[in-house]
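J.: Sequence:
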Amino acid sequence: MKAKKGYLPIFFDLHGARALVVGAGPVAARKIDALLSGGAAVTVVAGDFSPAVEGRAERGELRAIRGEYLQERMEGTDLVFAATSDRALNARVSRDARRRRIPVNVADSPEECTFILPAVVRGEEFTAAISTEGRNPGAARAIREFLDERRAEISVRLERGRRRPRIAARKGTVHIVGAGPGDPDLLTVRALGLIRSADAVIHDYLVPREIVSLAPEKAVKICYARRGRTAGHGAALKQNAIHEAMARLALEGKSVVRLKSGDPLVFGRGGEEAEYLAREGVPFEIVPGITAAAGCAAAANLPLTHRDRSSSVTFLAGHEAGGKEENAVEWNRLPKDGTLAVYMGVAQVDSIRRELLAAGFSKETHFAIVENGTRPGQRVLRGSLRDLSRVAKDSKVRSPAMLYVGRTAAPLFAESDQENRNEPVAQSV
152 MKAKKGYLPI FFDLHGARAL VVGAGPVAAR KIDALLSGGA AVTVVAGDFS PAVEGRAERG
212 ELRAIRGEYL QERMEGTDLV FAATSDRALN ARVSRDARRR RIPVNVADSP EECTFILPAV
272 VRGEEFTAAI STEGRNPGAA RAIREFLDER RAEISVRLER GRRRPRIAAR KGTVHIVGAG
332 PGDPDLLTVR ALGLIRSADA VIHDYLVPRE IVSLAPEKAV KICYARRGRT AGHGAALKQN
392 AIHEAMARLA LEGKSVVRLK SGDPLVFGRG GEEAEYLARE GVPFEIVPGI TAAAGCAAAA
452 NLPLTHRDRS SSVTFLAGHE AGGKEENAVE WNRLPKDGTL AVYMGVAQVD SIRRELLAAG
512 FSKETHFAIV ENGTRPGQRV LRGSLRDLSR VAKDSKVRSP AMLYVGRTAA PLFAESDQEN
572 RNEPVAQSV
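Per the working numbering, residue 152 is the first one in the sequence shown, and the count goes up by one each step.
Read the hints as simulated data drawn from the structure, not as lab findings. Worth double-checking, as some hints may not be accurate.
[Unchecked claim] BS3-like, lysine-lysine: derived pairs with alpha carbons at most 30 Å apart: (1) 389 - 322; (2) 369 - 405; (3) 547 - 514; (4) 322 - 372; (5) 372 - 389; (6) 487 - 544.
[As the list claims (entries may be wrong)] Here are the in silico distance ranges between beta carbons for each label pair: (7) 563 - 299: 40 to 48 Å; (8) 279 - 167: 18 to 26 Å; (9) 399 - 505: 39 to 47 Å; (10) 259 - 166: 21 to 29 Å; (11) 487 - 367: 48 to 56 Å; (12) 279 - 210: 22 to 30 Å; (13) 259 - 368: 52 to 60 Å.
Glycine included, C-beta positions come from ideal geometry on N, C-alpha and C.
Take the sequences, apply the hints, and build the full model.
T.: So this is what it looks like as structure tokens:
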């Protein structure tokens with residue numbers, strides 16, 4: 152590939168190449184460093200040697216010829232570098248090399264070069280060459296120094312890039328995947344890769360169509376738990392059906408993605424499904440997702456913890472307030488100065504309010520309900536505990552919704568501040 156000014160950028164392997172460098176000052180030292188790091192055999196001709204080049208010569212890393220330049224020094228040479236402070240001498244070296252058809256590089260003089268040596272950054276898993284086609288060597292060095300300071304970060308990014316194409320659902324395996332709170336942009340990279348490569352996707356109505364549509368068109372898509380159809384005994388029947396479908400499809404050799412809203416292991420029955428698969432001898436993997444408590448809180452500018460407002464957060468299942476005999480919440484032991492994040496509490500707001508007041512929570516305790524958090528149609532309703540039931544009823548709150556109780560549930564910003572930040576203004580109640 153010819154450069155615009157008639158010289159060649161050199162990107163080939165220097166290992167074993169015989170290079171002659173005329174000059175031994177700071178500029179020549181940089182050329183010598185690049186050549187030696189590339190594995191070249193270097194000969195240096197100069198009257199005076201800088202300490203850096205002198206040190207390399209004493210360690211036997213290069214051949215040193217002390218004295219004036221003679222064109223006979225080019226015999227048997229593959230590459231020539233002119234890097235002295237004498238521009239006339241550099242021009243002479245360039246002419247001699249071109250007459251012998253030996254590639255030559257002249258420091259800071261692109262018009263006298265037949266090739267250029269890019270600035271190079273080497274990491275453990277990469278080598279980057281930076282060239283301005285000889286027009287601005289200083290800029291190339293600046294870019295090299297910038298990249299050199301970030302070699303570790305580049306290595307990490309390269310590793311991520313190397314791994315991403317390998318993210319694919321495995322045949323005969325069930326991947327229990329957290330789909331996050333609803334916004335497709337909040338899927339993890341791994342979740343996205345698994346969904347896109349699945350043979351079968353099992354999900355429920357809480358996983359939005361935009362996420363399910365990411366699966367291949369030919370993938371089997373099975374939706375369980377449509378709205379209002381799995382209360383009481385129906386929930387157990389539905390869960391058994393999911394267990395059987397996961398195992399059957401995997402045993403047929405399909406790659407199965409079990410999509411669960413939020414995180415599978417936070418009130419998502421991911422543990423129950425993993426236990427069933429283990430008993431049936433079906434390979435499985437659990438992939439975490441952004442749980443609804445965190446995703447909806449962020450979407451509503453509601454900090455789960457805050458230095459001045461709350462130093463703890465407690466996740467609760469709202470249906471525990473409905474009188475379940477097993478694993479019931481000990482409401483009187485909940486921290487009154489922390490944040491309560493209540494899942495699946497829409498149908499139980501009356502019971503939750505009574506339980507909290509009976510446990511000693513003040514009627515003035517703040518609450519926030521985030522309906523359809525991170526999704527189109529998100530609503531944020533706020534008030535005090537005394538009005539929780541009325542607000543939920545009057546506003547006709549529907550699932551999916553998260554309930555937050557505590558000082559952090561109060562607005563974090565004034566409405567004018569939110570508008571200035573281009574953030575949605577919460578509906579105040």
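J.: When the structure is checked against the list of hints, which entries are broken? Sort them ascending.
T.: Of the numbered hints, all hold.
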